[in-house]
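K.L.:
Chain by chain, the residues:
4 protein chains.
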Amino acid sequence: MKATKRKIINDPVYGFITINHPLIFAILAHPYYQRLRRIHQMALAQLVYPGAVHSRLLHSLGAYHLMCNAVAELRDKGVEISEEESVAVKAAILLHDIGHGPYSHALEQVLVQGVHHEQLSLQIMQEMNAHMNGDLDLAIQIFTNQYSKPFLHQLISGQLDMDRMDYLSRDSFFSGVTEGVIGYDRILKMLVVHNDELMVEEKGIYSVEKFLVARRQMYWQVYLHKTVLAAEKMLVKILERVREIYQLNDEGLKTQSALDFFLGEFKTEMNLDALEKFCSLDDHDVMHAVKVWSKHPDKILALLCNRLLNRQLYRSRIQAEEFDSQYLKEKEEEAIRQFHIDPADVRYLCFTGEASNTLYQTKDERINILFKDGLIKDISLIDNALIQQKLSAPVKKFYICLLT
Amino acid sequence: MKATKRKIINDPVYGFITINHPLIFAILAHPYYQRLRRIHQMALAQLVYPGAVHSRLLHSLGAYHLMCNAVAELRDKGVEISEEESVAVKAAILLHDIGHGPYSHALEQVLVQGVHHEQLSLQIMQEMNAHMNGDLDLAIQIFTNQYSKPFLHQLISGQLDMDRMDYLSRDSFFSGVTEGVIGYDRILKMLVVHNDELMVEEKGIYSVEKFLVARRQMYWQVYLHKTVLAAEKMLVKILERVREIYQLNDEGLKTQSALDFFLGEFKTEMNLDALEKFCSLDDHDVMHAVKVWSKHPDKILALLCNRLLNRQLYRSRIQAEEFDSQYLKEKEEEAIRQFHIDPADVRYLCFTGEASNTLYQTKDERINILFKDGLIKDISLIDNALIQQKLSAPVKKFYICLLT
Amino acid sequence: MKATKRKIINDPVYGFITINHPLIFAILAHPYYQRLRRIHQMALAQLVYPGAVHSRLLHSLGAYHLMCNAVAELRDKGVEISEEESVAVKAAILLHDIGHGPYSHALEQVLVQGVHHEQLSLQIMQEMNAHMNGDLDLAIQIFTNQYSKPFLHQLISGQLDMDRMDYLSRDSFFSGVTEGVIGYDRILKMLVVHNDELMVEEKGIYSVEKFLVARRQMYWQVYLHKTVLAAEKMLVKILERVREIYQLNDEGLKTQSALDFFLGEFKTEMNLDALEKFCSLDDHDVMHAVKVWSKHPDKILALLCNRLLNRQLYRSRIQAEEFDSQYLKEKEEEAIRQFHIDPADVRYLCFTGEASNTLYQTKDERINILFKDGLIKDISLIDNALIQQKLSAPVKKFYICLLT
Amino acid sequence: MKATKRKIINDPVYGFITINHPLIFAILAHPYYQRLRRIHQMALAQLVYPGAVHSRLLHSLGAYHLMCNAVAELRDKGVEISEEESVAVKAAILLHDIGHGPYSHALEQVLVQGVHHEQLSLQIMQEMNAHMNGDLDLAIQIFTNQYSKPFLHQLISGQLDMDRMDYLSRDSFFSGVTEGVIGYDRILKMLVVHNDELMVEEKGIYSVEKFLVARRQMYWQVYLHKTVLAAEKMLVKILERVREIYQLNDEGLKTQSALDFFLGEFKTEMNLDALEKFCSLDDHDVMHAVKVWSKHPDKILALLCNRLLNRQLYRSRIQAEEFDSQYLKEKEEEAIRQFHIDPADVRYLCFTGEASNTLYQTKDERINILFKDGLIKDISLIDNALIQQKLSAPVKKFYICLLT
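Protein chains in written order, with the working numbering: chain A, 2 to 405; chain B, 2 to 405; chain C, 2 to 405; chain D, 2 to 405.
Treat the hints with care, as some may be off.
The list makes no distinction among identical chains, and a pair is therefore deemed to hold if it is satisfied within one copy or across any two copies.
Okay, derived cross-link-like pairs now, DSS-like style, lysine-lysine, Cα gap no bigger than 27 Å in a straight line [unchecked claim]:
no., residue 1, residue 2
1, Lys378, Lys234
2, Lys398, Lys330
3, Lys300, Lys255
4, Lys278, Lys300
5, Lys204, Lys150
6, Lys8, Lys398
7, Lys398, Lys204
8, Lys234, Lys373
9, Lys296, Lys397
10, Lys78, Lys300
11, Lys234, Lys204
12, Lys204, Lys378
13, Lys6, Lys268
14, Lys330, Lys397
15, Lys378, Lys330
16, Lys8, Lys204
17, Lys255, Lys150
18, Lys397, Lys268
19, Lys373, Lys268
20, Lys255, Lys330
21, Lys150, Lys397
22, Lys296, Lys373
23, Lys398, Lys373
24, Lys6, Lys378
25, Lys378, Lys150
26, Lys278, Lys397
27, Lys378, Lys300
28, Lys397, Lys373
These are calculated hints, taken from the structure and not from any lab test.
All figures in this text were calculated on a predicted structure; none of them were measured in a lab.
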């Protein structure tokens with residue numbers, strides 16, 4: 002009996018996560034991966050759900066754990082997955098979020114404009130691969146859907162991928178919003194592969210419905226909760242304000258981190274140097290910056306920073322109809338009067354916008370149900386299913402945020 | 002029907018926490034209280050237990066929730082607790098940890114030497130009280146055990162207080178270490194008041210035993226886990242190194258936060274100005290500082306900071322016997338050779354120390370069991386109880402940390 | 002300090018259930034109530050979900066516990082509920098199922114034809130009340146909706162009553178079908194009373210949606226699961242067969258219990274004597290009878306009984322369309338051939354039927370949402386709600402059962 | 002891709018249990034195994050813990066599930082377990098309790114005197130094996146510890162076997178007594194095999210301690226709870242009374258089940274005919290008999306039966322010292338007076354006895370800890386361990402039961 006190196010990690014959601022392959026150990030030990038410890042999975046949702054402070058590192062470990070289970074389950078059903086493919090698909094899920102920056106989705110389009118986090122993930126994976134003698138080759142092929150077994154890619158990115166499965170389970174666990182609990186273990190048991198595509202067994206229909214409903218609930222109750230939205234918009238407005246008043250010699254805006262670079266000279270080209278700088282950023286830099294800026298002479302900047310630190314957020318509302326422009330105008334005028342600001346700056350204190358969520362997107366990716374008789378049907382086309390064509394249209398809502 | 006303002010907060014551990022009194026709302030809204038959001042309850046334990054990232058704010062909210070339950074339970078048993086006392090004891094538990102600094106216990110004796118966090122809590126409560134027209138008077142009396150009903154103080158600070166009840170439940174929940182789960186709800190149901198002292202009903206003996214065993218397990222498995230200890234010692238060593246090389250004009254040590262003050266000019270007197278600075282500190286300042294210092298020219302400082310950021314911690318061991326001085330000497334020499342450092346600095350890379358834990362302290366505070374026939378007995382004196390005199394002696398262990 | 006008699010009961014679903022009023026103690030101690038220990042809440046669902054063996058007694062205790070919470074919650078919101086009303090509504094929910102016979106719903110229409118269990122519950126409550134000096138007067142008024150505060154009745158019987166809230170939570174807990182988990186605690190927190198009617202706060206919409214979806218899932222996944230249905234139909238067929246071949250002098254059909262009376266001389270009048278006999282029946286009588294009948298000379302009876310005992314159930318199928326009569330005929334012929342039975346008896350071995358479930362019934366009872374601005378809307382009329390008019394139509398399905 | 006027959010069973014404790022081997026399917030389908038559905042795992046503990054109604058069938062399925070995990074874990078650590086051994090050890094654990102009679106431990110020594118349930122399990126396994134072409138040969142070898150790899154037997158029967166692991170987890174789950182929760186998944190992860198013996202890794206010490214403490218707590222809080230004990234003694238006394246007054250022609254004692262045989266003509270020889278009769282018995286027979294006997298003319302028998310049915314149990318007490326004989330005498334006289342019974346029969350209404358539990362038995366089976374350096378130590382010999390020599394002595398307590 003000869004034991005390979007093994008490690009178990011305690012996870013409050015799944016119990017234990019087992020690490021037992023050198024490549025997985027190497028990824029975990031990498032500074033780029035360790036950085037994910039310092040990025041909150043749910044950004045500022047913690048201002049409403051104080052338990053929701055888990056890290057992206059734990060989310061990606063969780064997704065890796067589900068992938069281990071999915072691979073074991075599919076193999077037990079006779080699907081052929083080689084040892085090499087197994088390790089590669091696990092490495093890929095572990096790295097699927099490696100490109101996330103501080104406060105993830107909240108800041109994505111503000112910090113590094115025009116670059117999507119999935120593109121960054123790929124760039125970083127390639128960079129890591131270059132230093133790992135190509136050990137990530139197959140993982141990258143699967144990640145970019147260029148491998149011959151599409152179901153492996155679908156386990157990473159698809160309607161029922163391990164990413165979604167974990168973030169719904171984990172976010173509802175840590176936020177304490179039980180409405181988001183999905184039966185991830187049951188769905189895993191129901192996965193099948195047919196013509197190299199991932200599908201769900203007939204008797205998994207109700208579990209999939211539950212999953213889609215839970216996702217919808219998490220969107221409206223948590224991710225797009227009006228106060229979460231208000232907090233995240235406040236952080237966005239802070240960065241926008243910094244951008245607007247940025248001057249190279251303003252020492253009061255400098256924060257001793259790569260933020261200085263991204264808010265200043267960075268344009269849009271993510272070259273190797275920029276990428277390395279990006280990989281040094283985490284939530285601490287942003288929150289430290291907010292603390293520094295809370296003492297900056299710019300009135301609006303200091304105001305927003307102090308408000309965020311002390312959780313005195315925008316008052317916000319979400320509704321089905323667009324806000325009346327007259328109403329908005331009144332509110333803007335109130336804000337201008339109350340805070341004695343330049344009317345040209347009112348967009349920092351009062352603004353509207355749109356939020357949207359789709360229960361089930363039929364276009365790109367589909368959830369196919371494999372019936373016992375071999376028939377394949379998209380879940381939205383099944384009789385009496387809860388998820389019908391009509392419901393799969395995106396739901397658009399409108400929000401207003403105002404400082405009072 | 003007229004509703005007072007009420008708010009419910011989702012908590013993954015207890016479900017919902019209800020806030021329904023203006024004083025409690027006022028405390029929650031205070032910037033000093035909001036600061037606790039940015040302090041990790043379990044410091045660097047997250048480097049071993051990645052789920053253990055919950056904040057002190059959530060811990061104190063949880064302790065408040067248990068206090069609400071305890072008050073309701075005791076009243077239901079006929080214990081007289083007035084509305085004013087009820088609010089005061091809840092305010093006091095909410096504020097019991099308000100004096101914690103960044104990375105709590107880990108840095109307590111390094112950052113603000115000679116000042117205990119409970120003393121700071123009291124100072125801050127008094128400061129808040131001064132601005133709240135004395136609304137916290139009774140809470141402070143209870144907190145300092147100067148109120149006529151000692152059991153109220155015991156609910157805040159004693160062998161079975163709501164603080165311990167919550168931190169054991171919560172820390173084991175978030176770390177995923179089920180060995181620490183206690184039956185907090187059962188213990189609450191078993192609390193009684195006799196001669197104004199808090200006691201436990203006879204049939205609660207097993208629950209109390211379980212609580213004491215769980216606490217012991219959390220100490221050795223989590224709080225004093227060898228790798229958690231290694232991480233926290235690394236942070237301590239970093240601050241010690243900064244202190245040692247500190248010079249006012251070294252811009253590379255400056256971090257744009259009150260850390261600069263506490264590592265520099267602060268002596269030991271916690272005057273109002275220092276207190277205010279203290280109340281601006283949180284974990285972000287420390288971790289940002291570590292990131293800044295990781296590029297400092299001091300080799301040892303930069304080394305330790307980079308190691309901490311990338312989770313390349315000291316190799317550590319814990320054992321029952323003291324470490325042999327010869328062995329330590331060898332290890333020190335290895336470290337000097339490997340890292341080419343001045344032998345005078347070896348204490349940053351290689352050192353030993355003691356850790357201790359007591360299952361049950363019989364001296365100060367006791368857990369009294371109230372028998373049906375009116376007899377009162379300390380739990381350690383009960384026949385066949387698991388927690389016996391012998392076991393209540395402190396357990397001392399020895400550790401070694403070394404960089405490799 | 003003077004303590005009333007109090008008792009706490011461990012419940013795996015809610016933790017602890019507290020009993021603290023003499024009337025509640027009296028109900029619990031009553032033999033009619035104790036009988037509910039011997040009746041399975043989920044009848045034969047245990048043949049598919051082996052954990053689902055909890056009793057009606059525990060369900061009614063659970064519903065009582067939720068009622069305690071609901072009353073406390075509503076009072077905390079300013080709803081006036083007197084001590085007397087509080088005890089009465091708790092007594093009423095505790096007794097709401099007292100009229101259930103063995104194997105509950107499964108046998109309801111077979112054992113005591115033409116008498117609904119709610120009518121029996123009322124009769125038994127009246128009978129108990131007669132021996133309790135009218136202590137149940139108010140409980141009975143509330144139960145029969147003749148009391149001046151309709152919301153109290155709605156807590157017992159309505160779209161969001163404590164009965165449904167408990168059975169969904171409990172049945173999904175014991176069966177291990179997490180799809181049925183509802184956020185009962187959140188719904189309780191969202192209940193309000195307006196114009197003496199029970200409503201739900203605006204921000205409870207998602208929780209109510211989740212509740213309705215969970216109920217739908219429990220129907221199709223558990224209550225109407227094809228194998229559960231097959232098992233329960235088998236038990237029904239056994240009793241029908243006994244009825245058919247019943248003769249007073251057939252000692253082989255006698256079972257030494259009140260079953261003998263209900264399968265023999267009982268017609269439809271539930272007089273006091275019959276009621277008392279009914280209250281002596283429980284699941285043990287039925288299962289013992291099945292064991293006795295498994296050795297009866299009647300071939301069909303013995304066959305069905307043995308099959309049930311050994312879990313060799315009908316093969317069954319559920320589908321959206323009615324079964325083809327030609328197909329049914331073929332199957333009948335197969336059964337006749339295989340088991341060598343009289344064609345006139347084939348309905349015991351092969352038969353079809355309908356099962357139906359409604360997601361949300363808009364007719365009788367409604368779930369009203371109370372908006373912050375005072376507006377009241379039925380949940381099915383809310384924009385973008387998941388539960389829409391269209392979905393609230395009943396879903397009818399067809400099943401076939403056949404012995405093979 | 003070719004799928005073997007697979008089935009998943011919902012279990013509230015572990016989520017899903019997977020069945021995927023023909024031999025396991027065959028065992029599950031066997032009438033002797035299905036009988037275990039009708040035997041309560043915790044006998045009459047349900048009269049105190051109303052949730053504790055789970056069946057022996059579910060317990061053995063759960064132990065099987067843990068065995069699947071243990072085998073996978075050990076294999077992952079390099080322990081060689083062939084496919085044949087794997088199936089055999091799973092079959093053996095599934096059948097380890099097949100010899101339990103109605104109300105298990107409660108009635109074991111009353112119904113079939115002088116025959117231990119493990120011996121019966123073996124006899125029944127051999128009987129089943131005879132009809133299964135020897136498919137159980139290896140399972141029986143392992144069960145009887147005659148196989149060359151003792152650790153396989155230890156997984157079925159030893160200090161840390163899957164039987165104990167499941168019953169502690171399951172019994173605490175269903176009873177709602179969280180004090181009994183063990184970290185079964187962590188213990189499984191810590192199992193190792195050394196010299197073909199089952200051991201525990203060094204870092205599993207605390208989990209094992211927790212397990213032993215939890216077991217102790219379950220004994221005193223649940224299995225030997227004074228009211229559980231009172232209920233089970235009442236059932237024992239009922240059967241003893243029947244035995245005493247038994248006459249072949251007393252129709253009022255006949256119950257139409259194999260009970261008639263075991264209470265009447267059965268002596269001690271468990272021949273094939275008796276074995277078959279035994280395998281027809283379940284809890285329904287006993288409870289039906291109690292209902293029949295509650296109307297028997299024998300006053301004591303009817304009294305005890307009615308009391309049990311209506312949960313009017315003996316008043317009981319458990320204490321560390323033996324009961325005073327004078328005190329017992331007084332109580333006996335009270336009972337004789339109150340119930341007007343023949344003094345010779347007082348032992349049915351008033352009696353004392355002993356109950357004992359051992360935290361850790363050092364004699365027969367040991368829990369060996371395997372240290373990293375290869376050292377092996379019994380857990381009771383480890384420094385500072387909670388479980389010490391002294392504590393491993395059996396704890397004996399005394400009880401009294403009396404009808405009032």
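K.L.:
The structure should be examined with respect to each hint, and the outcome stated for every one.
P.N.:
Going down the list of hints, with the structure as the test:
1. Lys378 <-> Lys234: Neither: 40 Å inside a chain and 31 Å across chains, both beyond 27 Å.
2. Lys398 <-> Lys330: Within one copy, since 20 Å is at most 27 Å while 55 Å is not.
3. Lys300 <-> Lys255: For Lys300 and Lys255, both the intra-copy (17 Å) and inter-copy (25 Å) Cα distances are at most 27 Å.
4. Lys278 <-> Lys300: between (30 Å within a copy, 22 Å between copies)
5. Lys204 <-> Lys150: within (25 Å within a copy, 41 Å between copies)
6. Lys8 <-> Lys398: The answer is between: 25 Å across copies meets 27 Å, while 46 Å in one copy does not.
7. Lys398 <-> Lys204: Classified as between: cross-chain Cα gap 16 Å, same-chain 34 Å, threshold 27 Å.
8. Lys234 <-> Lys373: Cα proximity of Lys234 and Lys373: across copies only (25 Å, versus 48 Å in one copy).
9. Lys296 <-> Lys397: neither (38 Å within a copy, 47 Å between copies)
10. Lys78 <-> Lys300: neither (63 Å within a copy, 41 Å between copies)
11. Lys234 <-> Lys204: between (42 Å within a copy, 22 Å between copies)
12. Lys204 <-> Lys378: within (13 Å within a copy, 35 Å between copies)
13. Lys6 <-> Lys268: Cα proximity of Lys6 and Lys268: none, with 45 Å in one copy and 49 Å across.
14. Lys330 <-> Lys397: within (22 Å within a copy, 53 Å between copies)
15. Lys378 <-> Lys330: neither (50 Å within a copy, 30 Å between copies)
16. Lys8 <-> Lys204: between (35 Å within a copy, 12 Å between copies)
17. Lys255 <-> Lys150: Neither. Shortest intra-copy (49 Å) and inter-copy (54 Å) distances fail the 27 Å Cα cut-off.
18. Lys397 <-> Lys268: Result: close neither inside a copy nor across copies, 32 Å intra and 58 Å inter.
19. Lys373 <-> Lys268: For Lys373 and Lys268, neither the intra-copy (55 Å) nor the inter-copy (47 Å) Cα distance is at most 27 Å.
20. Lys255 <-> Lys330: Answer is neither: 35 Å inside a copy and 45 Å across each miss the 27 Å cutoff.
21. Lys150 <-> Lys397: Intra 36 Å, inter 40 Å, cutoff 27 Å: neither.
22. Lys296 <-> Lys373: neither (66 Å within a copy, 38 Å between copies)
23. Lys398 <-> Lys373: between (40 Å within a copy, 18 Å between copies)
24. Lys6 <-> Lys378: Between copies only: 24 Å across, 44 Å inside.
25. Lys378 <-> Lys150: Only inside one copy: Lys378 and Lys150 sit 21 Å apart there, 50 Å across copies, limit 27 Å.
26. Lys278 <-> Lys397: Classified as neither; 36 Å inside a copy, 45 Å across copies.
27. Lys378 <-> Lys300: So Lys378 and Lys300 fail the 27 Å test inside a copy (58 Å) and across (44 Å) alike.
28. Lys397 <-> Lys373: between (37 Å within a copy, 22 Å between copies)
Checked against the numbered hints above, the structure breaks hints 1, 9, 10, 13, 15, 17, 18, 19, 20, 21, 22, 26, 27 and satisfies the rest.
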